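K.L.:
With the sequences and hints as input, model every part of the structure.
So the sequence lines, in the order shown, correspond to chains A and B.
So that you can map any letter, position 198 of the first sequence is 197 in numbering that gives the first Met the number 0, and since no number is skipped, the others follow by simple counting.
So that you can map any letter, position 160 of the second sequence is 159 in numbering that gives the first Met the number 0, and since no number is skipped, the others follow by simple counting.
Simulated from the structure, these hints should not be mistaken for lab results.
None of these values were measured; they are calculated from a predicted model.
Hints may be right or wrong, so weigh each one.
[What the hints assert, rightly or not] Quick list of in silico lysine-lysine cross-link-like pairs, DSS-like style, CA-CA up to 25 angstroms:
1) A:K192 <-> B:K166
2) A:K17 <-> A:K160
3) B:K27 <-> B:K15
4) B:K192 <-> A:K166
[Claimed, not checked] One-sided excerpt, in silico: chain A residues whose CB lies under 7 angstroms from chain B:
5) N101
6) T102
7) D138
8) A175
9) R177
10) R188
11) M190
12) Q204
Idealized CB from N, CA, C, for every residue including glycine.
2 protein chains.
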Amino acid sequence: MVGDTLGTKLISLGHKVKMGSRTANNEKATGWAVRNGNLASNGTFADAAAFGEIIFNCTKGQVSLEALQLAGRENLQGKILVDVSNPLDFSKGMPPLLTISNTDSLGEMIQRQFTDVKVVKTLNTMNCQLMVNPGGLKDPGNVFICGNDADAKTEIESLLKSFGWEKIIDLGDISAARGTEQILPIWVRLMGKLGTPMFNFSIVQ
Amino acid sequence: MVGDTLGTKLISLGHKVKMGSRTANNEKATGWAVRNGNLASNGTFADAAAFGEIIFNCTKGQVSLEALQLAGRENLQGKILVDVSNPLDFSKGMPPLLTISNTDSLGEMIQRQFTDVKVVKTLNTMNCQLMVNPGGLKDPGNVFICGNDADAKTEIESLLKSFGWEKIIDLGDISAARGTEQILPIWVRLMGKLGTPMFNFSIVQ
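P.N.:
Below, the structure written as structure tokens:
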């Protein structure tokens, strides 16, 4: 769902996108590629990682590290990896717990395991429809970004602006992913309370 | 600091307030009582708990359970306990970690240990100056509230309104304290980024 939504937005902005899956002929990915025309294609995680200049991790947090191993260290090396995932654990029922929290984060784990990759954590504090359409809210609120590589963050900030984001807050290095990932428990509560996932956090002063 | 600020606000609204400390003659508490006139007094945690109709836990999260034990189960029984504390652990340096998170929260621990008390968690997602003066921000944002007792929450919502709060979000039972306490790591990051603790979260739609 997240990959489909982000991929479709990127295509609409004129980017070429290859959707990666466990298998080269994943049905949903193939359907997505067919629907999205000449700029769209699909393949294995490794195919997508080799193809992309910028890689988006849109997998479920619990399988992100495995998916990135399948993508292949050699295919990711030196590239920007935009991590929009959250380490949610639904195995104990609702509301979900986090598989990692407090003293570590999924963003940090990915950066530690792939030291050659420039991990930029962003967009993980909202529903995927909102990620690509901030104008869908009367007040879009903020999008947070963090990562260790300043140039990578600048490049992803430009991409976020092309999505329509205006209020981008750079929280610093990748350890700030602890903060954005741990916002998920209140996000889930708010979704239940508001009856919709179409809301966001706005930092007011 | 938090108790001083909340106590002073409550006095200004015409409430009688007894500030509790470990010792009956705590210097800061005595000074606060002297400065705040006839409605203000101070004593031990037990004195304050016996005196109050509504109890505010403004202690540091790491010592909250101990302070409430000192306050005395018999003095708290049947009362509303407004928990504004956070389980922050500064012992490993900055930024602080949480002593409890993900699968539990301080609000829940207090409620479990004091089953006769109506714990209402609120105001813990902001600086204490903002707690009592939402008008200090151009857009005050939201205050969150949670707890198991609906009447207790209604009473505390009235109190929050008397502080000037308009946008109060009831997140449900006390387990929602996990959500509001785990918002602290991003709060700390934002304070560093913005250079001020005078900001808040606003939920936008």
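K.L.:
For each hint, tell me whether it holds in the structure or not.
P.N.:
Comparing the hints with the structure gives:
As the CA atoms of K192 of chain A and K166 of chain B are separated by approximately 14 angstroms, the hinted pair is consistent with the 25 angstroms bound. The straight-line distance between the Cα atoms of K17 of chain A and K160 of chain A is roughly 22 angstroms, inside the 25 angstroms bound, and the hint therefore holds. In summary, the hint linking K27 of chain B to K15 of chain B is supported, as the alpha carbons are separated by about 18 angstroms, within the 25 angstroms threshold. Using a Cα cut-off of 25 angstroms, the hinted pair K192 of chain B and K166 of chain A holds, with the two alpha carbons roughly 14 angstroms apart.
Using the Cβ-Cβ criterion of 7 angstroms, the hint placing N101 of chain A at the interface with chain B is satisfied: the shortest such distance is roughly 5 angstroms. With 7 angstroms as the threshold, the beta carbon of T102 of chain A comes within range of chain B, its nearest partner Cβ sitting at about 6 angstroms, so the hint holds. At about 4 angstroms, the closest approach between the beta carbon of D138 of chain A and any beta carbon in chain B falls short of 7 angstroms, and the interface hint on this residue holds. Hint status for A175 of chain A relative to chain B: holds, with the closest Cβ pair at about 5 angstroms, below 7 angstroms.
For R177 of chain A, the shortest C-beta to C-beta distance to chain B is roughly 5 angstroms, which falls under 7 angstroms, so the interface hint holds. The restraint placing R188 of chain A at the interface with chain B holds, with a minimum CB-CB distance near 5 angstroms, inside the 7 angstroms limit. Interface hint at M190 of chain A: violated, since its Cβ lies 11 angstroms from the closest Cβ of chain B, which is beyond the 7 angstroms cut-off. Among the interface hints, the one on Q204 of chain A holds; its C-beta lies about 5 angstroms from the nearest C-beta in chain B, closer than the 7 angstroms criterion.
Hint compliance for this structure: hint 11 is the single one not met.
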